[in-house]
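Novice: Below, each chain spelled out in residue letters.
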Amino acid sequence: MAPRRPRQGETIDGFTLGTPMRESGMASVFEATHPDHQIPLVIKFPHLEGTDAAHIVSFEMEQMILPRLTGPHVPRFVGAAGFEAPQPYLAMERITGPNLESCLRHLPLATEEVTAVGAKVALALAALHRQRVSHLDVKPANILFRETPDGLRGDAVLIDYGLAHHGRLPDLIAEEFRLPYGSAPYMSPGQAMGRRDDPRSDLFSLGVVLYQLATGQLPFGEPLHLAAVRRRLWRDPHPPRRLRPEVPPWLQEIILRCLEVEPSRRHPNAAQLAFELRNPEAVRLTPRAAKARRDGWLTVLERRVNLDRTPGPRRLAAPTAHSAPIIAVALDMREGSPALSEAILASLRNVLLSLPGARVACLNVLLDGFITGDTPHDDQGRSARVQRLAELRHWAAPLGLEEGRITFHVLEGSSAADALLEYAEANGVDHVVMGARANSMLRTVLGSVSGEVAGRAPCSVTVVRARETGA
Amino acid sequence: MIAILSDIHANREALSACLDHADRAGATRFVFLGDYVGYGADPAWCLRTVMDRIAHGAVAILGNHDQAIFAGTQGMTGRAAAAIAWTRDQLSPDAAAFLKTLPMEHAEGDTLYVHADASAPGDWRYVTNAEEARRSFEGNPARVTICGHVHVPRLFGLTAADKCTAFAPTHDSPIPLSRARRWLAVMGAVGQPRDGDPAACYALLDEETAEMRWMRVPYDVETAATKIRRAGLPESLATRLFSGT
Chain Z
1 MAPRRPRQGE TIDGFTLGTP MRESGMASVF EATHPDHQIP LVIKFPHLEG
51 TDAAHIVSFE MEQMILPRLT GPHVPRFVGA AGFEAPQPYL AMERITGPNL
101 ESCLRHLPLA TEEVTAVGAK VALALAALHR QRVSHLDVKP ANILFRETPD
151 GLRGDAVLID YGLAHHGRLP DLIAEEFRLP YGSAPYMSPG QAMGRRDDPR
201 SDLFSLGVVL YQLATGQLPF GEPLHLAAVR RRLWRDPHPP RRLRPEVPPW
251 LQEIILRCLE VEPSRRHPNA AQLAFELRNP EAVRLTPRAA KARRDGWLTV
301 LERRVNLDRT PGPRRLAAPT AHSAPIIAVA LDMREGSPAL SEAILASLRN
351 VLLSLPGARV ACLNVLLDGF ITGDTPHDDQ GRSARVQRLA ELRHWAAPLG
401 LEEGRITFHV LEGSSAADAL LEYAEANGVD HVVMGARANS MLRTVLGSVS
451 GEVAGRAPCS VTVVRARETG A
Chain S
1 MIAILSDIHA NREALSACLD HADRAGATRF VFLGDYVGYG ADPAWCLRTV
51 MDRIAHGAVA ILGNHDQAIF AGTQGMTGRA AAAIAWTRDQ LSPDAAAFLK
101 TLPMEHAEGD TLYVHADASA PGDWRYVTNA EEARRSFEGN PARVTICGHV
151 HVPRLFGLTA ADKCTAFAPT HDSPIPLSRA RRWLAVMGAV GQPRDGDPAA
201 CYALLDEETA EMRWMRVPYD VETAATKIRR AGLPESLATR LFSGT
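If you read the sequences in order, they're chains Z and S. Take 1 as the starting number for the first sequence in the working numbering and just add one per residue. Take 1 as the starting number for the second sequence in the working numbering and just add one per residue.
No lab work stands behind these hints: they were computed from the structure. These numbers were taken from a predicted model, which means no experiment stands behind them. Among the clues, some could well be false.
If you want the ones that stay clear, here's a sample from chain Z, every Cβ over 12 Å from chain S, calculated [claimed, not checked]:
id, residue
1, GLU93
2, LEU169
3, GLY194
4, TRP250
5, ASP332
6, PRO356
7, ALA426
Here are some chain S residues pointing at chain Z (derived, C-beta under 10 Å) [as the list claims (entries may be wrong)]:
id, residue
8, ALA120
9, GLY157
10, ARG179
Covered stretches of chain Z (in silico footprint by chain S; criterion: 3 or more residues with CB under 8 Å from a CB of chain S, positions within the stretch not fixed) [claimed, not checked]:
id, stretch
11, 53–67
12, 75–88
Just so you know, even glycine gets a beta-carbon here, dropped at the ideal spot from N, CA and C.
Isolated chain Z (complex conformation):
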């Protein structure tokens, strides 16, 4: 006997069902309340009738993955009942902020808006990928935003893990379905070939979203069947600037890099993509940025023929999690000794040797108190900033890093540790390298910045100290 579908007003396991939110072929979703949980909730019921195993397996998958995810970029898991229960369900935090789909009415968006949204989603993906999960269904309907206390768009939250892949759990979707599963306009070429274990698939899908936000069009249209989805393996989209010349070359560079067919030609990971979206000056322009039209028919034909000859994207190895980190080096050129500067440089050089995909952000903090006196704040601030940038560049010159791999930033704040920590958090920094304050008198008075950063950072921190000689 097919079970009855739950209805508004019913109470199941203590969850009282409120307004129905979505009714798809796979599940019914309701707003809900529970006396033990004071946050807004949603509860999802898989449809049990019918013979299609897809939605049952998707539900099982989401039920396995969601409780294992943490952080602001996923809805908090609240409770679940499996198929052994009379009524299986999955209950989670309801994200009250806006859905990205609601933006689609006002396309195209301004460049600043595109990059702000894109960077937030890329950071959410980075957080997800660090937890070994690829979402594999990134599209506007699955992207929500938390609301900040002042009503602004806060952290991006990715919902719906029914098609996701967890690197340490059996992949029920891959086992059950030989056909690729996902949303046709946003699906990566790898997914279209049945590959589910490469997190860079999500970068492709985000590239489609960025393209859509920036141009108002979908790069590959809305194909209705798989053969049409696979066209994106050889047929490149119109460059965004052709559709909308206002798109700056660096944004076209970012978007077309996301849409590369070969995952290894995309950004090495989501954090680096977020970094570029937030730091346009850090984008290294390639012929992608200047591309004015789609590739000619001969190139496309060649790609298609070559594709038939090779076993497909499966031959590519997915990158390891830590092969392309963002490394922030914090420098205090005023107080640090030359020996310390050299030691930091040596330490950074060692890290870079083993990680050719790493990106370096050189940071210096301009403390609020530094700018004093009667001169207009702006003038003095600007010249101090320019001077510090020059000093950072000079320090890093011996590393010989090409443009795009290293950037320079002067942060401002009343506390060096706070400014560095905020930067590390907001930019998905994987590793902070900084010097220890050598002068013990100052350390006693001011406290240890490196100690505070090491204690509170969301990532690894290397504290470098120049070995004292003599003494």
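With chain Z fixed as given, assemble chain S onto it according to the hints.
Specialist: Quick look at chain S alone, frame taken from chain Z:
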């Protein structure tokens, strides 16, 4: 929480490291999946330890090496048979008699514990791939089957659509054994791992969450290997412990 230990193979160092680990992890019950003896140099100590745990409520079943002690070594490789011959002289009459009392399988609710392929436990067949797992699924009604014998951790699933799937678990990662399908969990070996990782392997089953966690426990391989050499057992039984092959 149930600790499941298989293929101890007279490796005292590995067994005591795993038991310590499981005790610290909060295991309240113990199930031993057989092959307490053979290959290693401490059969008497290992059997005494298992018997002691049984006195405190643990469950133990029979493995093919245990059976060979009293039923003969036909079908065994040369070095396995050599180790059994040596082991017989090490065991007290009590210990040898204890082996004879062990059952071939143990069922608890919808879970079956067995040493090898559950469709014919006495045939001692390996379960190494989806095809062999299917034979096991078809030959016994348990929803969850837990076995050893292969010395390589694996998790096989049988879906509602009758598809048999294989998964290589990563250590210390809880994997939910969802009720929507049947499962066959193959333990790694405590005393002679063969999946390239020399650390001892056992598993923890959380009955409340129905999650299985394969654990890897580093142990004093050096000592275990030295004892094998001193006992005059085949050299390869000592060297393979270092590489876990």
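Novice: Each hint: holds or not?
Specialist: Cross-check of the supplied hints:
no., hint, in the structure
1, GLU93, "21 Å, holds"
2, LEU169, "6 Å, violated"
3, GLY194, "15 Å, holds"
4, TRP250, "39 Å, holds"
5, ASP332, "40 Å, holds"
6, PRO356, "27 Å, holds"
7, ALA426, "30 Å, holds"
8, ALA120, "26 Å, violated"
9, GLY157, "6 Å, holds"
10, ARG179, "4 Å, holds"
11, 53–67, "holds (count 6)"
12, 75–88, "holds (count 3)"
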